Structure formats: C-alpha cells, structure tokens
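Starting from the structure of chain A, add chain B where the hints point.
From first to last, the protein sequence lines are chains A and B.
Per full-length UniProt numbering, the very first residue in the first sequence carries number 1; after that it's consecutive.
Per full-length UniProt numbering, the very first residue in the second sequence carries number 1; after that it's consecutive.
A portion of the hints provided could be inaccurate.
[What the hints assert, rightly or not] What follows is a set of in silico ranges between Cβ atoms, one per label pair, in the way DEER data are often shown: (1) A:Asp-69 <-> B:Asp-118: 29 to 35 angstroms; (2) B:Val-105 <-> A:Asp-69: 53 to 59 angstroms; (3) B:Val-78 <-> A:Gly-175: 53 to 59 angstroms.
[To be verified] Far from chain B, some chain A residues (derived; all Cβ distances over 12 angstroms): (4) Arg-58; (5) Leu-64; (6) Gly-70; (7) Arg-145; (8) Arg-161; (9) Ala-221; (10) Arg-241; (11) Val-284; (12) Pro-296.
Since the hints were made in silico from the structure, they are not lab data.
A quick note: this is a predicted structure, and the numbers were derived from the prediction, not measured.
Every residue gets a Cβ at the ideal spot worked out from N, C-alpha and C, and that includes glycine.
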Amino acid sequence: MLESSAPEKDGVATHEVAAPPGTTPHPIPDADAAVTAAAARHAPPALEVRGLTRFFGRKPGEALQRLADGATRDDIAHLGTAAVVDAEFDVRRGEIFVVMGLSGSGKSTLIRMLNGLLEPTAGSVEVMGERITGVSPKRLRAIRRDHVSMVFQHFALLPHRTVLDNAAYGLEIQGVGADERRERASRILDRVGLAGWGDKMPSELSGGMQQRVGLARALAADTDILLMDEAFSALDPLIRREMQEQLVELQQELGKTIVFITHDLNEAMFLGDRIAVMRDGRIVQLGTAEEILTDPADDYVAQFVQDVDRARVLTAGNVMEAPRAIVSSSAGPRAALRTMRDLQTSTVFVVAPGRRLLGVAHDREVLRLVQRGERTLDAAIRDDIATVADDVPLSELLGSAVEHELPLAVVDDRHRLLGAVPRVTLLAALGNVPATTGELPAITAPATVPVDVITETLRSTEEVGADPAPGLEEALATDAVAPIEGSRA
Amino acid sequence: MNEFRLPLGEIAEGAIDVLTDVLDGLFDVIRAIFAGFYDLVDLVLSTPPFWAVIVVIAALAWFAKGWKLAVGTVAGLVVIVGVDQWENAMDTLALVLVSSAIAVVVAIPLGILAARNDVASRVIRPILDFMQTMPAFVYLIPALILFRVGVVPGIVATIVFAMAPGVRLTELGIRGVDREVVEAGQAFGSSPWRILRQIQLPLAMPSIMAGVNQVIMLSLSMVVIAGMVGAGGLGGDVVQSLTRIDVGLGFEAGLSVVILAIVLDRITGAFGSGDRRPRRTKRADAAPARRTDGPAEPAERDPELASTT
Numbered sequence: 001m002l003e004s005s006a007p008e009k010d011g012v013a014t015h016e017v018a019a020p021p022g023t024t025p026h027p028i029p030d031a032d033a034a035v036t037a038a039a040a041r042h043a044p045p046a047l048e049v050r051g052l053t054r055f056f057g058r059k060p061g062e063a064l065q066r067l068a069d070g071a072t073r074d075d076i077a078h079l080g081t082a083a084v085v086d087a088e089f090d091v092r093r094g095e096i097f098v099v100m101g102l103s104g105s106g107k108s109t110l111i112r113m114l115n116g117l118l119e120p121t122a123g124s125v126e127v128m129g130e131r132i133t134g135v136s137p138k139r140l141r142a143i144r145r146d147h148v149s150m151v152f153q154h155f156a157l158l159p160h161r162t163v164l165d166n167a168a169y170g171l172e173i174q175g176v177g178a179d180e181r182r183e184r185a186s187r188i189l190d191r192v193g194l195a196g197w198g199d200k201m202p203s204e205l206s207g208g209m210q211q212r213v214g215l216a217r218a219l220a221a222d223t224d225i226l227l228m229d230e231a232f233s234a235l236d237p238l239i240r241r242e243m244q245e246q247l248v249e250l251q252q253e254l255g256k257t258i259v260f261i262t263h264d265l266n267e268a269m270f271l272g273d274r275i276a277v278m279r280d281g282r283i284v285q286l287g288t289a290e291e292i293l294t295d296p297a298d299d300y301v302a303q304f305v306q307d308v309d310r311a312r313v314l315t316a317g318n319v320m321e322a323p324r325a326i327v328s329s330s331a332g333p334r335a336a337l338r339t340m341r342d343l344q345t346s347t348v349f350v351v352a353p354g355r356r357l358l359g360v361a362h363d364r365e366v367l368r369l370v371q372r373g374e375r376t377l378d379a380a381i382r383d384d385i386a387t388v389a390d391d392v393p394l395s396e397l398l399g400s401a402v403e404h405e406l407p408l409a410v411v412d413d414r415h416r417l418l419g420a421v422p423r424v425t426l427l428a429a430l431g432n433v434p435a436t437t438g439e440l441p442a443i444t445a446p447a448t449v450p451v452d453v454i455t456e457t458l459r460s461t462e463e464v465g466a467d468p469a470p471g472l473e474e475a476l477a478t479d480a481v482a483p484i485e486g487s488r489a
Numbered sequence: 001m002n003e004f005r006l007p008l009g010e011i012a013e014g015a016i017d018v019l020t021d022v023l024d025g026l027f028d029v030i031r032a033i034f035a036g037f038y039d040l041v042d043l044v045l046s047t048p049p050f051w052a053v054i055v056v057i058a059a060l061a062w063f064a065k066g067w068k069l070a071v072g073t074v075a076g077l078v079v080i081v082g083v084d085q086w087e088n089a090m091d092t093l094a095l096v097l098v099s100s101a102i103a104v105v106v107a108i109p110l111g112i113l114a115a116r117n118d119v120a121s122r123v124i125r126p127i128l129d130f131m132q133t134m135p136a137f138v139y140l141i142p143a144l145i146l147f148r149v150g151v152v153p154g155i156v157a158t159i160v161f162a163m164a165p166g167v168r169l170t171e172l173g174i175r176g177v178d179r180e181v182v183e184a185g186q187a188f189g190s191s192p193w194r195i196l197r198q199i200q201l202p203l204a205m206p207s208i209m210a211g212v213n214q215v216i217m218l219s220l221s222m223v224v225i226a227g228m229v230g231a232g233g234l235g236g237d238v239v240q241s242l243t244r245i246d247v248g249l250g251f252e253a254g255l256s257v258v259i260l261a262i263v264l265d266r267i268t269g270a271f272g273s274g275d276r277r278p279r280r281t282k283r284a285d286a287a288p289a290r291r292t293d294g295p296a297e298p299a300e301r302d303p304e305l306a307s308t309t
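In isolation and in its complexed conformation, chain A is listed as follows (with noise of 0.2 angstroms):
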C-alpha cells in the first residue's frame, strides 16, 4: 500500500542519500533528466509548460514587462494580480506531478491553464507534443477530449444525472455509443468500488463516494493526462487517505500521467514523484518528496515541510546509512575481529560475495571462533537482524526498531545489504535533525569486548598454538553479567 508509487523515484532518492551531503540535486526543471524513463526520452513529456504567466487585470502588457524586470507580484498589485508567473515545468509520462501551495498561490490557476479552460497572459502548453495556447476553440476541446480529463474539488458531478451516466460523460464528449459507454464507465465504478452504485443519483452519494465517481469519470474518458484539482481535499481525512491510496494504485496499474494540486504537504508528498511548491504564483521549488524535505530551497519551503509527517515520505532507503561495520563470509574470523575493533562495535554485518546479507556476527563468538583457530565466520553468523526493503516507509521502520537494538539491515529485493538504519539516525530523521556527516560505523552497539583484548588475541593467535591472552578468560568470563547486544532479540 505504502509502496512509493514509481520505481524511478526509489532509484533518485537511493543516488541521493548516497551522495555525500551537499551535492543534493538542484531543483532545477530538467537538471535529473537522468532518470527519465526510457520511454519519455524517445516521446515528448505529457506536458510541457514554458514561460507560463497568467495576469488577471487591465494592464497585462505593463504587468508582464515588470515581471519580467524582476518585480514580485505584490509590486504590481496595483495592476492586478499576477496569479501565475513564469512557470515552467515538464510532467513525465506516468508520473504523478504534485503541484503544492497554500491558496492563492495560484495553483488552480496554473492547472486551468494546462487544459485551455484558462488562456495564459504569456508562454505556452505543450499536451504530448501539441501546443494548445492560441490554437482554435474546436481543436482545444479535441485535446481535451482525447487527452485531458479533470476531476474537480467539489466533484462537478451533473446532479441531473445518475452515476453510471455520470462517469460516462467523457465517452458521451467523444461520441462513444450509448451501450459501450455505459459498460465501459460501469467497468471502471466496479474499479473505484462503486459496484452496484450506477443507478444512484450523484446526491445520494457520500462525499468520498460522489469523489469516486469524479475519478471514474476522468479514468472512463481513458485519457493520457489527469487533472486533479484539489480533488481529495473536501474530504474527511479518512476517506482521504484510502483514495489516496486508491490513486497511487490506480495509477500504477494504468499508468496514468497526473498532475494533482493540493494544499496539504502531506498528500504531495505521499502521491508526488516530483513536486512543484508554488508561492505568490512562482514556482519555488521543483523535486522529489526527499528532495523538498532533506533539501528545501528557501525558508519559506522549510517551513512549509516543517509539519510534514516526515516518517510517511522518507523511506528507510532515504535515510539509511552506509554500513561500513561490514565483512565477506570468506574472509574469516580474524578480519572479522579485527574489523570490529576497528571500527569499536561488537557486532559486523556478514554479506557472501555480491553483499548479499548472511546475517550479524557479535564480537565474543567471533572472538572464541579465533581462539579455537577456526578458519570461517560460520559458526558465527546469526540471522538475529530485523531487515527492511529500502522502499518502506519509516512509520513502519518503528515497530522493528523498538524489537531489535541492532541497527535495521536494509535490503533490495535479491537481498542485497544495501545500507543500514540504527535507531540514531531514524530518530535524526523524524525529528529533521541534519544527519551526520562524521564517519560513524553504522553499527552502533559498542563492543563488548574491551580493545585490548582482541588486540592480544590476534597478536597472540598470530603465531599457531600460541596460549590465550592474558584476561581473555578474563574477558569471555564476563558473558554470563553482560548480555551479548541483540540477544534479547
């Protein structure tokens, strides 16, 4: 369910998080290009949108000259508004494109453009590959008809109409027969879960239900481009967030092109696989969930994800951290040990070659694996780990992270250690701390073996048949007091 929504957004936010900090991406349109799907690459973007000013009062002329020298919107206030200024972005095929700001940002304003049902002041829309500003009325409602559908906030259902010819209409604009339609849109309520609902009229629907046929209606017409204005927000929360999810679904199962608007920076960062933040009709910043929140371009942006539920956005693949506290099963006791005193944890991951995870090996089984002269790790290695897809979302990393002290091993789906989350920096990330940049091994459970005596122990274990270090027994003794970190697990 919480799946992020497109696979190309985990493969940018695992770049990134890899990246050394400061060379996250700049939000700039166009700048991660990189990861366009190989099918966007060949084909034009869904939409394009250039220079896109939109200018509600008397003087567009003057207001667009001095937007253009730099004045902000309040400058020209005394002109009108400026409810849109210089937009410019591309929404990829089969990508949820969010485009977030309080009201009168000029959100809704920007998404009436992207369809024609406003004319913009200046710059231009591209619909796959066509131009729909200045083109005739006739073939501005063709696009629409065969490329863009809509779903409003308040639903726009026809009141005078029953639900299955509601969400027919868009067949009905494409002349579409009556029978088809009728099944085709019937499909699609089975689909959004109206089964059976057909024969009802729009006012006997519950809100979140009227909302599922606006959806229906938009999917029926089976265009490339979805529009949703504000289309979750008159809902109760709830309901809210099941059509979210219902969305995120939807879309990946027929990969729609949408592009939602909302106000709340929760539900942008849980559908968008890239946000647009617009303030004062610009738009301020441009990226992924991560992006906006690790990385955010102004204050304003800060503040804004400030309340953000972060551990719904960020995923354990986001703020995981390279496990450096890391041995190959083929290396033997003795690297492990000596790792271990390295780096000063007691516990190291053991990964076969291609990091495919083995599973943990705590310092004082190691160390007697070495004492004993034993030439492999395993003995030692125990599966006492919790581990997590680098694409679940920290709410669900808690649960597993209160059960296990050691570190949570996140893997890709071939089970491949991809990096590791200890409790220290999932708290560093809920709580927007700046993650560390010091070189910490990963692991963080201390060692329960004092240096020293792993130092003997691998001096004295050098030379074949050579006597225990001294305090070893010692050492080993101590077992029975000091819990072994993650034994309990």
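Chain B only, in chain A's frame:
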C-alpha cells in the same frame, strides 16, 4: 423656467409615426399572427363543454402536484361556471396563455444571451427595467395605434409587461449553475451549445420555471388593462362594471380572475419546483426543504436561487 424643455414626447410621437408609416405591413403581419394564435387557443378552450375543460385542467393539476390540487382546481373552476363567467374566463385564459407563451419564447433566449454575455446583460437590464416600470397604460397607446383596437394590443402590452422576470430568472438561473460543473463540461471537451443543453439549462430549470410562473402571473394581472383596449374576457367585464358602477359584476369577474390566477400559479409552480423538479446537488438538497405549496412569489424565491449560486 419653461425655456428648458426636453422634446422627448415629440420624439416618441415621431418615432411611432415613422413606425406606423414604414412598418405598417410588418405590424399587420404581427397582428394577424397574434390574432390567429389567440383565436386558435380560444377555440380550443371555448368549444368543448365546460366540464371537459375542467377535467383536463384538473388532470393537469393532478399530474403536476396531486389530487388535492386537482380537487381545488375543480372547485374553483366550478365557481367560475357558477357566476356565469366561464366564457370570459376562457377568453382570458387564452389571452394569458398566448401572451405568456410568446413572452417566454422571447424571454428565455434573451436570458441565455444575457447569462453568457456581460455586455448583453448590461444592455438588456435597463431595457427590462423600463418595460416593467413604465405604466402599462403608456405603452398601451402606441400599441393601440400600431395594432388597432382588439385583442392584439392587449397581447402586446401583456408581453411587454410580463416578459422581464422570464429574462431575469433565466439569466440568474444559468449564472447560478455551479461554475465547477460547467468547467467539468468544458474540461471534458464539450461544446458550448452542448454545455448549455446538457448542463446549464437542466440545472437552471427550477429558476427558469419560476420565471415562467412569474410571466404567467404578470400576464394575468394585465387582463383588466387588456380589457380596456377591447380584449374582452374577464378584463372586459371588470372594465364594464367600473363604467356602470356594477359591484356585483365587478366582484364576480374579479373573483374569477383570482381563481384563475391561483390555479395557474399552483400548476406552473409545481412544474417548476415541486415533485417533478430535477434532483439537485447535495449542497442544494442540504438546504431547507423547498417543496412548499405556497405561491411562487419572487420574494420567496430569490434567496433560494441565490443559494444555488
């Protein structure tokens, strides 16, 4: 002081003179059409025996609202028969129906135009004010000149007087349609004509029907004035009773007008907002129940219409 004198009266007189001279033929055609229309409706209403007409009207009332209205209608119409005003009442009904029909046919397109075009709206509004507030006797004079004595100047004067609420309520109704719903039509690529037909008119229908109801009511209020120019009917009897100081005749004719008015109002009111009214959006339904049986007075309707905007 008498130096300052605007020659508006002379201008109006001159304009009417020119109209009579130049467009005499046109007015004759209009006269023929209106008169023919009136005669046809009057024939339909007056030819059958009174009970047949009563049954038809009662059936209509039943269909529009229910059996109570049907019973009331029968009772009222029987009273008209009882005071020997049936033929006059049918003449008047024909006059009202013809004028209302023509007024509505003109008013609704004008209302649609005004709703879609701000300039048209700004031009039409003062004209409507003029038509509605100018004393009816005043435009009765040119109507008499242009159409001569008879039923036609009555019809024309009635149309002029009664048309305004039809235009206004149509415009208000269409402008009051939820902007988002209209946008939905546009967003799915519907043509303006189709949006008008499939979205705006159906959703504005309660308001438009209220307008039709008002047109009919105002037409009825004009029957006496129409009677003065020879339109006959109940109006003619009222005028006669006035000249003869005949209290009895005046009361009977006046009562018949009232009965006719109530019957027409209830039936058309029910068509507009009663059981047959199209279903509304949830928000409109959440508003206090509006299936009132009361007369559709503008004062009662306006807040309601405003709430749908």
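Evaluation of the provided hints:
1. Roughly 33 angstroms separates the CB atoms of A:Asp-69 and B:Asp-118, a value that falls within the hinted 29 to 35 angstroms.
2. Between B:Val-105 and A:Asp-69 the Cβ separation comes to about 56 angstroms, which falls inside the hinted range of 53 to 59 angstroms.
3. Against the hinted window of 53 to 59 angstroms, the Cβ-Cβ separation of B:Val-78 and A:Gly-175 comes to about 55 angstroms, which satisfies the hint.
4. A:Arg-58, annotated as away from the interface, keeps every beta carbon of chain B farther than 12 angstroms; the closest lies near 15 angstroms.
5. Against chain B, the non-interface label of A:Leu-64 holds: every CB pair exceeds 12 angstroms, the least being about 24 angstroms.
6. At roughly 34 angstroms from the closest C-beta of chain B, the C-beta of A:Gly-70 stays outside 12 angstroms, upholding its exclusion from the interface.
7. A:Arg-145, annotated as away from the interface, has a beta carbon of chain B within 12 angstroms; the closest lies near 3 angstroms.
8. Against the 12 angstroms criterion, A:Arg-161 falls within the reach of chain B, whose nearest CB is about 9 angstroms from its own CB.
9. For A:Ala-221, the condition that its CB be more than 12 angstroms from all CB atoms of chain B is violated, with the nearest at approximately 6 angstroms.
10. In this structure A:Arg-241 is separated from chain B by more than 12 angstroms, as the shortest Cβ-Cβ distance comes to about 22 angstroms.
11. The beta carbon of A:Val-284 sits about 27 angstroms from the closest Cβ of chain B, which is more than 12 angstroms, so the claim that it is off the interface holds.
12. At roughly 33 angstroms from the closest C-beta of chain B, the C-beta of A:Pro-296 stays outside 12 angstroms, upholding its exclusion from the interface.
The structure shown violates the earlier hints numbered 7, 8, 9.
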